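Student: Line by line, the protein sequences are chains A and B. Residues 26 to 530 in our numbering are what the first sequence lists, from first letter to last. Residues 26 to 530 in our numbering are what the second sequence lists, from first letter to last.
None of these hints come from the bench; they were simulated from the model. Errors might be hidden in some of the hints.
The calculated DSS-like cross-link candidates involving lysine-lysine, where the alpha carbons are at most 27 angstroms apart (straight line), are [stated by the list, open to error]:
1) Lys377(B) / Lys249(A)
2) Lys338(B) / Lys338(A)
3) Lys377(A) / Lys358(B)
4) Lys207(B) / Lys358(A)
5) Lys358(B) / Lys207(A)
6) Lys423(A) / Lys378(A)
Computed spacing ranges between beta-carbons, pair by pair [said to hold, decoys possible]:
7) Arg414(B) / Val152(A): 51 to 57 angstroms
8) Gly295(A) / Leu384(B): 33 to 39 angstroms
9) Arg414(B) / Pro424(A): 28 to 34 angstroms
10) Pro424(A) / Gly344(B): 53 to 59 angstroms
11) Leu384(B) / Pro424(A): 49 to 55 angstroms
12) Pro218(A) / Tyr154(B): 54 to 60 angstroms
13) Leu384(B) / Cys416(A): 44 to 50 angstroms
14) Gly344(B) / Pro218(A): 31 to 37 angstroms
15) Cys416(A) / Glu463(B): 56 to 62 angstroms
16) Thr372(A) / Gly173(B): 45 to 51 angstroms
One-sided and incomplete, this derived list gives chain B residues near chain A with beta-carbon spacing under 10 angstroms [what the hints assert, rightly or not]:
17) Arg106
18) Gly259
19) Gly344
20) Arg353
21) Arg354
22) Pro357
23) Glu382
All values derive from a computational prediction rather than experimental measurement. Quick reminder that beta carbons are idealized off the backbone N, C-alpha and C, glycines included.
So the chains spell out like this:
2 protein chains.
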Amino acid sequence: MLNRVRSAVAHLVSSGGAPPSRPKSPDLPNATSAPPAAPPQAPRSPPARAGSGGAAPARTVEARASFSRPTFLQLSPGGLRRADDHAGRAVQSPPDTGRHLPWSTGYAEVINAGKSRHNEDQACCEVVYVEGRRSVSGAPREPSRGQGLCFYYWGLFDGHAGGGAAEMASRLLHRHIREQLKDLVEILQDPLPPPLCLPSTPGAPGSSDSSQLVGPQSCWSSQKEVTHESLVVGAIENAFQLMDEQMARERRGHQVEGGCCALVVVYLLGKVYVANAGDSRAIIVRNGEIIPMSREFTPETERQRLQLLGFLKPELLGGEFTHLEFPRRVQPKELGQRMLYRDQNMTGWAYKKIELEDLRFPLVCGEGKKARVMATIGVTRGLGDHNLRVCSSTLPIKPFLSCFPEVRVYDLTQYEHCPDDVLVLGTDGLWDVTSDCEVAATVDRVLSAYEPNDPSRYTALAQALVLGARGTPRDRGWRLPNNKLGSGDDISVFVIPLGGPGSYS
Amino acid sequence: MLNRVRSAVAHLVSSGGAPPSRPKSPDLPNATSAPPAAPPQAPRSPPARAGSGGAAPARTVEARASFSRPTFLQLSPGGLRRADDHAGRAVQSPPDTGRHLPWSTGYAEVINAGKSRHNEDQACCEVVYVEGRRSVSGAPREPSRGQGLCFYYWGLFDGHAGGGAAEMASRLLHRHIREQLKDLVEILQDPLPPPLCLPSTPGAPGSSDSSQLVGPQSCWSSQKEVTHESLVVGAIENAFQLMDEQMARERRGHQVEGGCCALVVVYLLGKVYVANAGDSRAIIVRNGEIIPMSREFTPETERQRLQLLGFLKPELLGGEFTHLEFPRRVQPKELGQRMLYRDQNMTGWAYKKIELEDLRFPLVCGEGKKARVMATIGVTRGLGDHNLRVCSSTLPIKPFLSCFPEVRVYDLTQYEHCPDDVLVLGTDGLWDVTSDCEVAATVDRVLSAYEPNDPSRYTALAQALVLGARGTPRDRGWRLPNNKLGSGDDISVFVIPLGGPGSYS
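Build out the structure end to end from the sequences listed, making use of the hints.
Tutor: The structure is reproduced here in structure tokens:
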């Protein structure tokens, strides 16, 4: 039976069209957003070679050459082939060589069951140093005040319609965040509220005069006080936008394929920032309690935003779609009858008389995992998708997608965490078949089987979560112990321990 | 001291310009929305006569004639004058004559301290019978199935820039709700899911054929199931919109002045629907626990919706406003400097270089009670305001205001309520100076002083809440026991007991 599944899946994969060949995406943001002296990029796992035995067609070689997995997996060419095997679906984790990810983070991933040619999830885990661009006042930086900032960074990127966007985001998004934070290095370390206004020309003659610095003191009484935290949130939000703009600029030259959901965690100065754009999910499991740290952005959860946009900008619907929602497709013979509908202002339903334009396809349709924008895409936030168009049409879908994340903040200093308190990040491959409560139960079960100070326990937990969502091959599919189908999607999981960041560095 | 306050307030009131005279707003919705046979409207409290002693100028008489208080207060001309007295600010409640409001609802109100000429709050409490318009299938109604529906209704309307909109809404909004429910009478009483599609021509030959009724059974497998509850929500949402459209149509002929916030409760078939558009608030206090039943819609809470609209439709900003938010007004001398800002996509703040168009006035500015849209209005949802324009400009503000409420549903059957469990509705005059917890404490204190079956306890509670928010005249103002200023606004409160609706009818 296992062999039959493997053979069926292998056939499916080998018969699927290879994506068009493309050069590797550029490694650095362009001049406007790149740091002047970016540290050299650590090499990724080597690109996989074409399958065993002799010369594969050049087209396949090129396509495969574009495939990569996260650097920290340290995959050999053979390991990369195994990670790319839809039939075996071996769970991948960083090697247990004594050198752990920051904070002893656990990670595991598995490729899909044939849904796409490669694993379109990508992941990144980095410690990023931010050197201040200049002093707040514009004065040359004094050496004594020159301490930069460090942030810890984790990112999961779930690609669709190609792996290019996810791969690019996994390499560059944290650099965009670093760029945004450069101006804030001093401000964030100053206990005073952030200045509302900064001088224009850093380092220019006279600009070191601190009287030019319009601080809260000198302003109108009606000014708002802005927190340090909200500056970090704003930096992350703008970094997402700049990443998306970079993809738009470079999509022609480098063929940034498709788009990706992005779920990102930044730890900075005692606080955890969880930024989510898409349908991945983050939860904290703390002393058995579940604390949601993100919500999903889908055609269902963002229905009203999408409908409002279609209503305000009907030209975006191209005469092909209606911004109204109906509980099912309206049929021509129903013209003049009254059908239930919702518009952009409604959460309830009401009846309306069917008119000719109601026969257009609805902008938002379907339920759950089948919900779609313009009958095409099932997530409404993320990066990329600049070329995405409605099937058999030239109508662009990107205007309805948002690259902006929702950022939630968790103050690590407000609670004394134990080694079993973790932040779990997963792509939808995990959450489609695993509830928050099941994850919390697995956290309890796996971590209690390890010594609290055993750093490998978090990787074991990530592996258990991935295995629990993948299942085992049985009865023509990957099945869970309850015999329901496991996830056939790519599955990627980070487990970030909250109980002692200070002890890891 | 009291006299000095009274005299100062009286002077303020008498010196304020009287609103332009206008005929009383029409009593019924127009032909398209009015029921064919609306029951005659119960007479309101008689209009107040002009002040004591002889012939007041005709202008004043006409202006006063337009002033009314809720019918259920049963105010005599003298009572109406007292209710209209800014100096005394006597708390008004229905007379204790043994005939109580439905459900023994408690009510109290007090006029403002001179903020506007009259009390611009209005209230309504009704039992509304809905006769079905036709059978679902379009067939003539069988007598046996002809039972209509009854709903209980409470409404608070906080007017601004005139009392016309609040007064009109208090007379007509429940009728719009009734109209919307007429088509649903049979559907809501049928345990089957609502049909997605209804025939077009009720009562037409052949339309009684139930095969024309496209029910869930015969539809595509991908149809959504719509609940009865969501139909009621949709009916209330559409009733708000139709009420607003009626105000727009009739604003010229009948001078519907200003606008109003609307907070409405509908009890129907075991469920309480709380619909809020504006900055009034509803909470349930149940066994001492606070359950929020609404949220406020203000320039702060709706910042991103407003900014998005200004961004997508810049013509609505008329070149006078910028959709960007700044923590304070940008000054011309700051051109080229970098200031904190937020756009429609951001919850955090970031720095941007000040450009010429950033010198425009921000669409949203200010904080808390001082927050304003276009420097003019402090609420972002409600009814009316069709004539509202930016001060010293012709730019209309209405496009930024929404007439749609947020509707929350509370299932009364899911919990066994005791006589001390209440739903409290209040205009912002209450909530500006009273926290939810303080209200809950007053609920406990007042109700425990009365027998559980004493129906006057809820009016006593409403009075205590209004008095607690108004305070007493002391030190040149209305002050609370802690010496802070009480609310100088109109204050209106409903207290709806949840512990035994079945026993009142």
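Student: Given the proposed pairing of lysine 358(B) with lysine 207(A), does the C-alpha separation stay at or below 27 angstroms?
Tutor: holds, 26 angstroms
Student: Range first: 45 to 51 angstroms. Now tell me if the beta carbons of threonine 372(A) and glycine 173(B) are that far apart.
Tutor: violated, 26 angstroms
Student: Should the interface hint for glutamate 382(B) be scored as holding, given a Cβ-Cβ cut-off of 10 angstroms against chain A?
Tutor: Because about 17 angstroms separates glutamate 382(B) from the closest Cβ in chain A, which is outside the 10 angstroms limit, the hint is violated.
Student: Is the shortest C-beta separation between glycine 259(B) and chain A less than 10 angstroms?
Tutor: holds, 3 angstroms
Student: Are the Cα atoms of lysine 338(B) and lysine 338(A) separated by 27 angstroms or less?
Tutor: holds, 9 angstroms
Student: Cβ-Cβ distance between arginine 414(B) and valine 152(A): within 51 to 57 angstroms?
Tutor: Holds: the Cβ-Cβ distance is about 55 angstroms, inside 51 to 57 angstroms.
Student: With respect to the beta-carbon atoms only, verify the hint that glycine 344(B) and proline 218(A) lie 31 to 37 angstroms apart.
Tutor: holds, 33 angstroms
Student: Go ahead and decide if the range 53 to 59 angstroms is satisfied by the Cβ distance of proline 424(A) to glycine 344(B).
Tutor: violated, 25 angstroms
Student: Verify the CB-CB distance for glycine 295(A) and leucine 384(B) against the hinted window 33 to 39 angstroms.
Tutor: Since the Cβ atoms of glycine 295(A) and leucine 384(B) sit about 37 angstroms apart, the hinted range of 33 to 39 angstroms holds.
Student: Is lysine 377(B) within 27 angstroms of lysine 249(A), Cα to Cα?
Tutor: holds, 16 angstroms
Student: Less than 10 angstroms between beta-carbons is the criterion; does proline 357(B) satisfy it with respect to chain A?
Tutor: This interface hint is violated because 13 angstroms lies over the 10 angstroms limit.
Student: Does arginine 106(B) pass the interface check with chain A, least Cβ-Cβ distance below 10 angstroms?
Tutor: violated, 40 angstroms
In summary, the numbered hints that this structure violates are 3, 6, 10, 11, 16, 17, 19, 22 and 23.
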